[in-house]
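**Q** Given next are the chains, with one letter for each unit.
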Amino acid sequence: AQSVTQPDIHITVSEGASLELRCNYSYGATPYLFWYVQSPGQGLQLLLKYFSGDTLVQGIKGFEAEFKRSQSSFNLRKPSVHWSDAAEYFCAVGATSGTYKYIFGTGTRLKVLA
Amino acid sequence: GAVVSQHPSWVICKSGTSVKIECRSLDFQATTMFWYRQFPKQSLMLMATSNEGSKATYEQGVEKDKFLINHASLTLSTLTVTSAHPEDSSFYICSAHRGRYEQYFGPGTRLTVT
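Going down the list, the sequences are from chains S and V.
If you're matching positions, the first sequence starts at 913 in my numbering and goes up one per residue.
If you're matching positions, the second sequence starts at 11 in my numbering and goes up one per residue.
Hints listed in this document are in silico derivations from the structure and should not be mistaken for laboratory results.
Keep in mind that a hint or two might mislead.
Unchecked claim - With a straight-line cut-off of 30 Å between C-alpha atoms, the simulated BS3-like cross-links for lysine-lysine are: (1) V:LYS65 with V:LYS30; (2) V:LYS74 with V:LYS24; (3) V:LYS30 with V:LYS76; (4) S:LYS980 with V:LYS51; (5) S:LYS1023 with V:LYS51; (6) S:LYS973 with V:LYS51; (7) V:LYS65 with V:LYS76; (8) S:LYS1023 with S:LYS980; (9) V:LYS76 with S:LYS961; (10) S:LYS980 with S:LYS961; (11) S:LYS961 with S:LYS973; (12) V:LYS51 with V:LYS74.
Stated by the list, open to error - A few chain V positions that, by computed beta-carbon distances, are all more than 10 Å from chain S: (13) ILE22; (14) GLY26; (15) GLN39; (16) GLN52; (17) LYS65; (18) LEU86.
What the hints assert, rightly or not - Looking from chain V toward chain S, a few residues come up when the C-beta cut is under 10 Å (computed): (19) GLN16; (20) PHE44; (21) GLU69; (22) CYS104; (23) GLY118.
Even glycine gets a Cβ: it sits at the ideal position worked out from N, Cα and C.
Isolated chain V (complex conformation) (with noise of 0.2 Å):
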């Protein structure tokens, strides 16, 4: 049990454009899920925390226009990188949590932008 599914796993997409992550708890409902950004070879850096029905809490430097999240459901919760830039390829990883302080992790969406 416990499974988070991201989609897509790995996206390519040109700079100016707009790209949209699922995360999904594939076995359990999650009122607050987590987006993670890890540049290469580097520890996790938490983006924002996302709660279902409420606005996501943003990190101190990261820019809520540029990415939108949304937790429309217990089960989804969505990152949309707007207006992509290249220095905004990296690889993005969600996390579900559940009971006292349990996350379960996505297998992460690689971001490349052109």
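So here's chain S without its partners, still in its complex pose (with noise of 0.2 Å):
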């Protein structure tokens, strides 16, 4: 069965430090992959996805993830944390049998120290 598991169930860093989320992915083909950041009592936004191709996603509010099969992961990163930063991550992964449903980790808070 297909699944996500985020390890990381907090994660505090200082304000201009580097960030990586960890995403692992269980899918029997090549996955959709989606990272959403969620606000307090906001909406999810989506940040990046991956459906094929380059490996290297580019997103929003510069945040970029790896897609590496060999690892079943999907790490979300930034070179420079901002404090605005702070909220809740969750990774997706799309689905099978044309349902278009998310699969959904259960999401990393992340804090970030002044």
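Put the two chains together into one complex, using the hints given.
**A** See the structure below:
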């Protein structure tokens, strides 16, 4: 069965430091992968997505993610974190069977220290 | 583009009453919309898939008689929580499907049942 794992429930980084949020997936074929950010009390905003092609994907707000098939990973990175990046981050994979459903990871809550 | 709205953003209702939440795709048509439920500090749980002109498809364990979904047009889906109880208090988020595996999320509706 498909699944998405975000191993880190909480991450704290200092402002200006680099960031990497981990995401591992279980899927038989080439997956459709997404990273979303949710600010407190808000809906989800798409940061970036991977469907095919270049395995390094650029997104909004200076984020990027790299698809590594051999590791079944799609980690999110940012070279320099801003205080406004504090939020909940969700990794998701598009489910099979043409239902267009997503399977979400459990999320990683990012705290940024001034 | 690809804006999804929800109304209301916050609703308080008394136990035993029903409440309707609207989800609208403002600048695109969506034959498929999704309804999620999110508990505090947790991930999104898919409740049901809403298809325009047909019955919704509910996920296992979701009470279809309690959570009534109607997808009356290509831009509107509604979720009605019937006979609400305090345990139904939650953050409800909708999304609209567009293109290939892309979902655009609404800002969410916070339901508080007293």
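**Q** Run every hint past the structure and note whether it holds.
**A** Outcome of the hint check:
no.: 1; hint: V:LYS65 with V:LYS30; result: 17 Å, holds
no.: 2; hint: V:LYS74 with V:LYS24; result: 21 Å, holds
no.: 3; hint: V:LYS30 with V:LYS76; result: 12 Å, holds
no.: 4; hint: S:LYS980 with V:LYS51; result: 28 Å, holds
no.: 5; hint: S:LYS1023 with V:LYS51; result: 14 Å, holds
no.: 6; hint: S:LYS973 with V:LYS51; result: 23 Å, holds
no.: 7; hint: V:LYS65 with V:LYS76; result: 15 Å, holds
no.: 8; hint: S:LYS1023 with S:LYS980; result: 26 Å, holds
no.: 9; hint: V:LYS76 with S:LYS961; result: 34 Å, violated
no.: 10; hint: S:LYS980 with S:LYS961; result: 14 Å, holds
no.: 11; hint: S:LYS961 with S:LYS973; result: 14 Å, holds
no.: 12; hint: V:LYS51 with V:LYS74; result: 25 Å, holds
no.: 13; hint: ILE22; result: 15 Å, holds
no.: 14; hint: GLY26; result: 26 Å, holds
no.: 15; hint: GLN39; result: 15 Å, holds
no.: 16; hint: GLN52; result: 7 Å, violated
no.: 17; hint: LYS65; result: 15 Å, holds
no.: 18; hint: LEU86; result: 17 Å, holds
no.: 19; hint: GLN16; result: 8 Å, holds
no.: 20; hint: PHE44; result: 7 Å, holds
no.: 21; hint: GLU69; result: 9 Å, holds
no.: 22; hint: CYS104; result: 9 Å, holds
no.: 23; hint: GLY118; result: 5 Å, holds
Going through the hint list in order, the structure does not satisfy hints 9 and 16.
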